[in-house]
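Q: Once you've looked at the hints, dock chain B against the given chain A.
Here the protein sequences line up with chains A and B, keeping their order. Heads up, this note's numbering is the position in the first sequence plus 61, with the first residue counted as 1. Heads up, this note's numbering is the position in the second sequence plus 61, with the first residue counted as 1.
The set of hints was computed from the structure by calculation and includes no laboratory data. Treat each hint with caution, since some may be false.
Stated by the list, open to error - Pulled a few chain B residues facing chain A out of the computed Cβ check, cut under 10 Å:
no., residue
1, I90
2, K92
3, D93
4, Q138
5, R153
6, T175
7, K199
8, A201
9, L206
10, G294
11, I295
12, Y298
Remember, predicted model here, so these are calculated numbers, not experimental data. Backbone N, C-alpha and C define an ideal beta-carbon position, used for all residues, glycine too.
Number of protein chains: 2
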Amino acid sequence: MKELSIHASNHSYKVQIGKGLRHTVGSMIAKDYSHVMIITDSQVAPLYLEDVKHSLTGTPIDTVIFPAGEQAKSMSQYEELLTACIENSLDRKSLIIALGGGVVGDLAGFVAATYMRGIDYIQMPTTVLAHDSSVGGKVAINHPLGKNLIGSFHSPVQVLYDVETLQTLPYHELRSGYAEIIKHGCLDDPDLFHDATSRSLADEAITEVLEDHLLKGIAIKASVVEQDEKETGIRKYLNLGHTLGHAIESEAGYGHVTHGEAVAIGLLFAMYVSKEKLEASMPIANLYAWLGKQGYPLNVLTHLDTSSLVDRMKKDKKSTSGKVNMVLLEELGKPVMMEVKETELTELLNRFKEEVMSC
Amino acid sequence: MKELSIHASNHSYKVQIGKGLRHTVGSMIAKDYSHVMIITDSQVAPLYLEDVKHSLTGTPIDTVIFPAGEQAKSMSQYEELLTACIENSLDRKSLIIALGGGVVGDLAGFVAATYMRGIDYIQMPTTVLAHDSSVGGKVAINHPLGKNLIGSFHSPVQVLYDVETLQTLPYHELRSGYAEIIKHGCLDDPDLFHDATSRSLADEAITEVLEDHLLKGIAIKASVVEQDEKETGIRKYLNLGHTLGHAIESEAGYGHVTHGEAVAIGLLFAMYVSKEKLEASMPIANLYAWLGKQGYPLNVLTHLDTSSLVDRMKKDKKSTSGKVNMVLLEELGKPVMMEVKETELTELLNRFKEEVMSC
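Isolated chain A (complex conformation):
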């Protein structure tokens, strides 16, 4: 088992990564709780819920299973979960366990953040992508008018990452999660970037290095978040690849391309803009080739309209007064913020489509 500590503003917590942790949750919880409520979704429950339940003894346990999918991050599902907390008599000394991917973590985390003004919760991520969201304390639900618009900062008391639960992941979800690992490498660990992009994700051997890659990815995320918990400064670097990524996601229609797949293309674009504007030497061709081999749907971009994408980038939460703030790279491991004007962005995106994406 690998372990690291994260120092949030009001408490520190451990991230523990290893094989089979779901069988030992009970003995790994550091505190006594009056009550434990496991919140999970319909996809994860049949696979791992019983294992987690069996590992917990001596404490009253309740479970809530909601229908899997992004649509669960709704106000009505949030209210249902709060009702379940009350009906099961959770008090301020109770614990919520969020067992699942990013949706479960975001939703159950927001419930924990706001039930009786905040109770403890543990993140048990079951996807690669959730290595990113399980750390840092951002929890949220969606509003019909926008994703993650309702939420707060509420750090978990512990993150328990059982890498065995990743073995049941569909290949496209593994791929989606790797985009964030590669992003973390770009931000602060060129070796991680090079190592990850030298592997074949479809190869079974990937499970052997996964633990190491996840730990490194989380360590980078954690170090950024520790320095800037509330996203006023360098936390914005984590947005690398997300400016175009988010635009692709919403322009293609959610569900048509996964978050990570869109971010992968966004990373390529950030590298391209870094090369053009900062004369940075960027492994664009290597990354492009690797992404292609892993089956990332790179051609999705060619079907999307440049001006619609630019419009969406302008509306990004991180953008101010019509200009787009992009995270660029001076070199691998050295992020920098840069304001790009709309006209320039349009031109860069058109050239990127032509020069890079149509090879």
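A: Then chain B, alone, in the frame of chain A:
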């Protein structure tokens, strides 16, 4: 104008109390905001909304007015306000002003706490009671199964208390608010207790000392909250008078007795239990006489069933495993927590009804 600073865990903020502050809000805001949204209710809006709006210049201003009353602290009203924030394009650099009593502060504060993971807000209390709730960062809405069960801790960036807005308060609301001022006196300032209970609330001269009483009450609340923001220790002292108070409120039916009126009776009971269990010397007769003269509905207790009240006290958020944790007083200004068993509580409450409340 009187002023004091409050040191919350992640930022400090000022409480400013004075006459006519609603006309100078614009010049008193310490920071530049991209957008200001004033949230208020149907009772306060016709009286003071225009004044506050006129004081703000140069920043886009939106206003939302919701129907006054405790029922506004609902999930659906919360969602409506969030929608208004989005539709009015509030971003992370926007400000919410909560203009009104405790309901407005709690609801608008929870919106500010959770919109885009938390934006700034200013409390502008317009009731005496809100001197208590506007400080300390507790924000919440109600669940059909219980009051204030959904919420978080989110301190305002400023509290602007225009005492002129208190002149339009109905007398019973002034009275209700004074119960919390007297409670604060009991906890930490015997002089405040004696001074407040030597005045006639119906007398116009009360407006002259109100500013001073509010400041002293807030100072006590603030000092407790600074030491224990998240209610793990001494913040529980603020519950003085609330154990029986909450039970009376819900047993009588919300709306039949105000929060403060119920707390006033609860204070008397806390004093009685302190006398019986701690042999404390308590000004019970004085407080009883003063409350009677001010028209507090003291006879409400005689109509309520003792065992139902004890049942409700057992279910209080602060109670654990069937015993009731009460805040008692060793003497005026010296609170102490004490566990009281159900049988003893029943006996004490019966004797209190007979010996004190039926004079």
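Q: Give a verdict on every hint.
A: Consistency of the hints with the structure:
With a least beta-carbon distance of about 19 Å to chain A, the hint placing I90 of chain B at the interface is violated under the 10 Å criterion. Annotation: interface hint on K92 of chain B violated; nearest CB of chain A at approximately 13 Å, more than 10 Å. A least Cβ separation of about 13 Å between D93 of chain B and chain A goes past the 10 Å threshold, and the interface hint is therefore violated. For Q138 of chain B, the shortest C-beta to C-beta distance to chain A is roughly 12 Å, which exceeds 10 Å, and the interface hint is violated.
Interface restraint check: R153 of chain B against chain A, minimum CB-CB distance 7 Å, threshold 10 Å, status holds. For T175 of chain B, the suggested interface contact is upheld, since its CB lies about 5 Å from the closest CB of chain A, less than 10 Å. Residue-level restraint check for K199 of chain B holds (minimum Cβ-Cβ distance to chain A is 7 Å; threshold 10 Å). Taken as an interface hint, A201 of chain B checks out: its beta carbon lies about 7 Å from the nearest beta carbon of chain A, inside 10 Å.
Interface hint at L206 of chain B: satisfied, since its Cβ lies 5 Å from the closest Cβ of chain A, which is below the 10 Å cut-off. The interface hint given for G294 of chain B is broken, as the beta carbon of that residue sits about 13 Å from the closest beta carbon of chain A, more than 10 Å. Against a cut-off of 10 Å between C-beta atoms, the interface hint on I295 of chain B is violated, since the closest Cβ of chain A lies about 16 Å away. The restraint placing Y298 of chain B at the interface with chain A is violated, with a minimum CB-CB distance near 17 Å, outside the 10 Å limit.
When held up to the earlier numbered hints, the structure conflicts with 1, 2, 3, 4, 10, 11 and 12 and fits the remainder.
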